[in-house]
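Novice: Residue numbers (numbering that gives the first Met the number 0), protein chains in the order written: chain Z, 0 to 538; chain G, 0 to 357; chain Y, 0 to 218.
I should point out that these hints are in silico values taken from the structure, not numbers from a laboratory. There may be inaccurate statements among the hints.
If you want the footprint, here are the derived chain G segments under chain Z, 3+ residues with CB under 8 Å [to be verified]: (1) 56 to 64; (2) 179 to 191; (3) 309 to 322; (4) 325 to 337.
Keep in mind the model is a prediction, meaning the values are calculated, not measured. The beta-carbon is built from N, C-alpha and C at its ideal position, and this holds for glycine as well.
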Amino acid sequence: MNNNLKESITAWEPAAVWSECGDGWFTVPADRFRDLAVRLRAEGFDFLRSLTGMDWGGEGFGVVYHLESTATGENVVLRTMTPDRENPVLPSVCDLWKTAELNEREAFDYFGIRFLNHPDMRRLFLRDDWVGYPLRKDYDPSQNPLRMSNEVSKDSTASFELMPDGSIIRQRNVLFDEGEYVINIGPQHPATHGVLRFRVSLEGEIIRKLDAHCGYIHRGIEKMCEELTYPQTLALTDRLDYLGAAQNRHALCMCIEKGLGVEVPERVQYIRTIMDELQRIDSHLLFFSCLCMDMGALTAFFYGFRDREKVLDILEQTTGGRLIQTYNTIGGVQADIHPDFVRKTKEFIAYMRPKLREYHEVFTGNVIAQERLKGTGVLTREDAISFGATGGTGRASGWACDVRKRHPYAAYGKVDFEEVLFTEGDCFARYMVRMREIEQSLNIIEQLIDNIPEGEYQLKMKPVIRIPEGSYYAAVEGSRGEFGVFIESRGDKYPYRMKFRSTGLPLVACLETIARGTKIADLIAIGGTLDYVVPDIDR
Amino acid sequence: MFDFSIITSWIHGWLTSWMPLGLAVFLECVIVGVCLLLLYAVIAIVMIFMERKVCAAFQCRLGPMRVGPWGTVQVFCDVIKMLTKEIITVRHSDRFLYNLAPYIVILASVLAFACLPVSRGLEILDFNVGVFFLMAASSIGVVGILLAGWGSNNKYSLIGAMRSGAQMISYELSIGLSILTIVVLTDTMQFSEIVLRQADGWFLFKGHIPALIAFVIYLIAGNAEVNRGPFDLPEAESELTAGYHTEYSGMHFGLFYVAEFVNLFIISGVAATIFLGGWMPLHIPGWEGFNTVMDYIPGFVWFFAKAFFVVWLLMWIKWTFPRLRVDQILTLEWKYLVPIGLVNLLLMVIVVVFKLHF
Amino acid sequence: MEVRNPRIKSMKYEDFNDNEYIESMVRELRENGTNVVVGCLDEVIEWGRSNSLWPLTFATSCCGIEFMAVGAARYDFARFGFEVARASPRQADFIMVAGTITHKMAPVLKRLYDQMADPKYVIATGGCAISGGPFKKSYHVVDGVDKILPVDVYIPGCPPRPEAMLYGLMQLQRKVKVQRFFGDVNRQIDRKECEELLRRDLTAEKNELNVEKDANHEQ
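The shape of chain Z in the complex, shown without the other chains (with noise of 0.2 Å):
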């Protein structure tokens, strides 16, 4: 972070602490927290790229925020804490950053932090007659045995608002009328892409609310990594958002690196680059063939797949896996590529380039495919940033959120690639966005093939690995936008906290905003261009 903005934020709130540890952040008083939260969002900090639920024992609960401005691409970390173990409270900032009312309740959910003014505080992922906060540092597996009895879906939420004597009164707010036509959709769906669920109030087909319902895959792998070794935890990324195993591994993998203070040497990060690109048009494939087969063109959907095999072929060849690859390792990957890689991707680039065509004349041309995506489900760009829905939903919207533009990692320094930018934020526009990046993709891949360095690839590392003490956090760009990697160390060879920014959980908080209004049908395609994969939103 630069000193200029340090200093300017000690002005505006002199209680605010400097820390340089790992990547350095300010320690706000919970009381005074929301005006420099305010502030920040005034001087242009418009993206919340990341927020946390903390459990520091003794110290009590907290929240770290990831904030950066899409002006300057400056960035700032806070913290702020409430000692208070038995009822935490802290203020709410989804007035301010919309993203941030999903993961605020993913904290409620974690650690039982309460948020002020948070108009729905309810459980996100577990149910609702779940005994504690699974995240918390003393919780007891044992009160949850498996329970079989069918949850209720209730039609009211809870907000807490602060008194001015000082006390924190509960106020009921209705999410459903008694006389509205709810109906339920999901989780066995077969348009919600897994196990999604939603209830949507409809006046005939239109729809006028909606309530997304996640936490049916939450698998807890947050909590799961704290109990396991650095190189442990590396297995369970490629679990999350398994249509981007090797990016979220990546990540993962670059996140441990700087903390370590490693630099992995040139030939490592070529293979990785192109690892990732070949994951992400294996992603965008699977994006097109759901789409087509969500909006009823069943033959499109099996082009994709077709093509889709090939890249698996590549993948499998190299690293033993067709989805779940396990490649990347600290300071490597696993082994090296497979004498044949190099002359199979350039086969697969000429291959591939005639195929797009073929999918346009199929599905893009089409009057029918035209005329459900034009026009409708449209995010404007002050949504999408703050909503933080980054990658192909974004970059439809007209915001350059790439990771790979922003923070350039890996060998994406070196290599020269458009960003898709498109601005009606329509699905036709998210539809696009994702058919170009294949070629992008393609053409990133083309620079880097011939040119994959000699040397290593595998760094030797130490036996157990230990990350100095601090707090670091590291971005790719994945297959659906923005995977961060935030890890506390307190020097264990265990992850003091591990938190991975979800690519999804952006995406199903803007689907209120996007579907209300629409027809039932146009969900199906906002959900099929929006491209969220379920395990990776309940992680």
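Following the hints, put chains G and Y in place on chain Z, whose structure we already have.
Specialist: Quick look at chains G and Y alone, frame taken from chain Z:
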């Protein structure tokens, strides 16, 4: 061309020679009914198999391969399984309507199916307002679908049924208009007569421009009428799971499934009858040798070949196009197809009055 | 690559090799004169069922993508008659539990299973569905779907390759073909008892049943 009425009248004569007329007619009715249902079942099985193979071919797949040669016995397996599967009764459903719905759908389908003239002398229901009867009979199906949606006590089913109601009733108009265009050309509503008038050329060629327009409108509207292709909103799998038949299992679902496919065949059969000459062979004026060879091919072969060609066309459309949205479907019908159909009808009247047809 | 003497506890090595233990058990049953009436009709019905198993489109995570790949062009399970993936549980014949089942999902899955019409089968796909897999230690994951559903076939892998899935599906076909000898996992109560339960269900004013008003339509 072989006339099947020789056989039927011989049977009739033989039966009446040794039993009273009333009994003979009753017996004939039973035989005809059984044959009709058998044919119905066979057509359904052929259609389902064809659908699978055709869509597999479009999708770079093989389709059923393992059961019987090229998977030909696959559909029999499905039938056996469907027959032995449990029929679930849903709690809080309207038991009577819920159980009645599939039978209404299948009844409408069989009634419409009986109108198709398969070959010369092989018409089952053939009278002077045959076209009218077909339209009326096939419309009963929508009642069945609405009942299914209402009776199942499921919101998806209800939405699917409502969509289906809006869609089918709208598109019936276009079907009626396009058939009416041909009725103007033939001045008869009897199917056998319509086919006979096409001995010197199919109506698609005789009526040239207006007939061609009517044919295209008919294909679009027909596709919508049977809830298929880009118009499969009532059962839109990705939106409403299975639409109006979400709650049906076992053979009740099987009836819906079969009716859907046979309805597709009926739509194609009617298209073949009124536009493509039904069981009339292809004749090219002047090519006498060719025409005699064509005459040797039996009429029912011609009919089925034409009908399955139209079926194939509709399957091609179904597997290529994405699904429309409900408002787009209604816009397409009321803002485009109906006006075009009306103008086309006028055009056909002009063509007929001034004898511009061939 | 040659497989060097794999040690598999639950299955004899010879069985693993030819893997026809189901058929050999049936042969043994017949030879020993066990009183089993082999009706021809039974055989036809089971042949029909085994060749027309329609899956429920159900997937929670990674295995679901591989399941889609099994249906897609290269692997194409339509060849074996698994053609029509139904989205409505009423019309499906087996449920392929592809992916992790969490505590929140478990009642929903059970309900989906209950919504299916008999005969119905369950395939547990992948490590998570078999035993919890890599997430066994998590606070929110069910250690194996066989804790809540009767499972017919297990397909190991994380995720299993499409070939493995096809193999597993064919194992299910074999199992269905000889179902009359081994019975089916779902008929653990006899008909009378089942009707009694149903009647009680229809008349009961149980709280749990009334939940349906809010939480139904999982389809």
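Novice: Taking the hints in turn, state whether each one holds.
Specialist: We went through each hint and held it up to the structure:
no. : hint       : in the structure
1   : 56 to 64   : holds (count 4)
2   : 179 to 191 : violated (count 0)
3   : 309 to 322 : holds (count 5)
4   : 325 to 337 : holds (count 3)
When each numbered hint is compared with the structure, a violation occurs for hint 2 only.
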